[in-house]
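**Student:** Based on the provided sequences and hints, a complete structural model is requested.
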Amino acid sequence: PLQPYFINANDLSGRKPATGLMELPWSNYKITPFFTLPAGGGYFFRLLGLSYFKCVLKKAIKKGDSMFYMHPIDISRKTIPSVNPRNRPFYWINKGEKTERNLINLLKEFKGSFTTCKDVYLKNLDK
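In the working numbering, the protein residues as written are 1 to 127.
Heads up, some of the hints might be wrong.
Using 30 angstroms as the maximum straight-line C-alpha spacing, the simulated BS3-like pairs for lysine-lysine come out as follows [unchecked claim]:
1. K108 <-> K78
2. K63 <-> K123
3. K78 <-> K98
4. K108 <-> K58
5. K59 <-> K118
6. K78 <-> K30
7. K127 <-> K111
8. K111 <-> K30
9. K30 <-> K63
10. K111 <-> K63
11. K111 <-> K58
Distance ranges between label pairs, derived from CB positions [claimed, not checked]:
12. K63 <-> F35: 17 to 25 angstroms
13. G49 <-> L125: 30 to 38 angstroms
14. D126 <-> K78: 39 to 47 angstroms
15. P81 <-> N10: 41 to 49 angstroms
16. T36 <-> P81: 32 to 40 angstroms
17. K123 <-> Y69: 14 to 22 angstroms
Just so you know, these hints were derived from the structure itself, not from any lab. Computed from a predicted structure; not experimentally measured. Glycine included, every Cβ here is placed at the ideal spot set by N, Cα and C.
**Tutor:** Set out below in structure tokens:
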């Protein structure tokens with residue numbers, strides 16, 4: 001789904017179930033009808049970079065609320081122990097200072113556009 005969506009194991013219509021459990025979907029960018037790139041933050045923010053995310057988030061925000069996620073490890077400068085780091089070569093791309101700098105720039109670019117998941121949930125609760 002592209003908008004907040006109520007999760008209901010018994011009904012895929014998106015109607016509000018008794019649990020009130022809502023999915024807040026990550027942003028994505030449809031390149032072609034058959035190819036979509038993620039734009040939800042985290043690893044993809046490190047891999048695809050600031051310019052890509054500025055462009056995609058501008059488009060996503062025009063359509064409604066958009067999810068952007070960062071984990072502390074994305075901006076950590078510490079090396080996390082691994083049994084065999086060669087098994088995950090892309091995991092370490094742009095981790096640390098560069099991503100922290102890009103995140104600060106992204107926050108400045110979209111100042112006033114960020115909110116909490118709780119606020120998005122409450123706004124969509126009665127839909």
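**Student:** Taking only the CA atoms, is the gap from K111 to K30 under or equal to 30 angstroms?
**Tutor:** holds, 25 angstroms
**Student:** Does K63 lie within 30 angstroms of K111 when you go C-alpha to C-alpha?
**Tutor:** holds, 18 angstroms
**Student:** For P81 and N10, compare the CB-CB distance with the range 41 to 49 angstroms and indicate the outcome.
**Tutor:** holds, 44 angstroms
**Student:** Quick one, are K63 and K123 close enough, alpha carbons at most 30 angstroms?
**Tutor:** holds, 15 angstroms
**Student:** Holds or violated: K108 with K78, Cα cutoff 30 angstroms?
**Tutor:** Holds, at roughly 25 angstroms.
**Student:** Going straight from one Cα to the other, do K111 and K58 come out at no more than 30 angstroms?
**Tutor:** Holds, at roughly 12 angstroms.
**Student:** Has the hinted range 32 to 40 angstroms been met by the Cβ atoms of T36 and P81?
**Tutor:** holds, 34 angstroms
**Student:** Run the distance test for K78 versus K30: straight-line Cα separation, threshold 30 angstroms.
**Tutor:** violated, 34 angstroms
**Student:** Against the range 39 to 47 angstroms, how does the distance between the Cβ atoms of D126 and K78 compare: consistent or not?
**Tutor:** holds, 44 angstroms
**Student:** Given the hint of 14 to 22 angstroms, is the C-beta distance from K123 to Y69 inside that range or not?
**Tutor:** Given range 14 to 22 angstroms: holds, Cβ gap about 19 angstroms.
**Student:** K108 and K58 were given as a pair; does the straight-line alpha-carbon distance stay at or below 30 angstroms?
**Tutor:** holds, 13 angstroms
**Student:** Assess, step by step, whether the Cα of K59 is no farther than 30 angstroms from the Cα of K118, and give holds or violated.
**Tutor:** holds, 22 angstroms
Violated hints amount to a single one, hint 6; each of the other numbered hints is respected by the structure.
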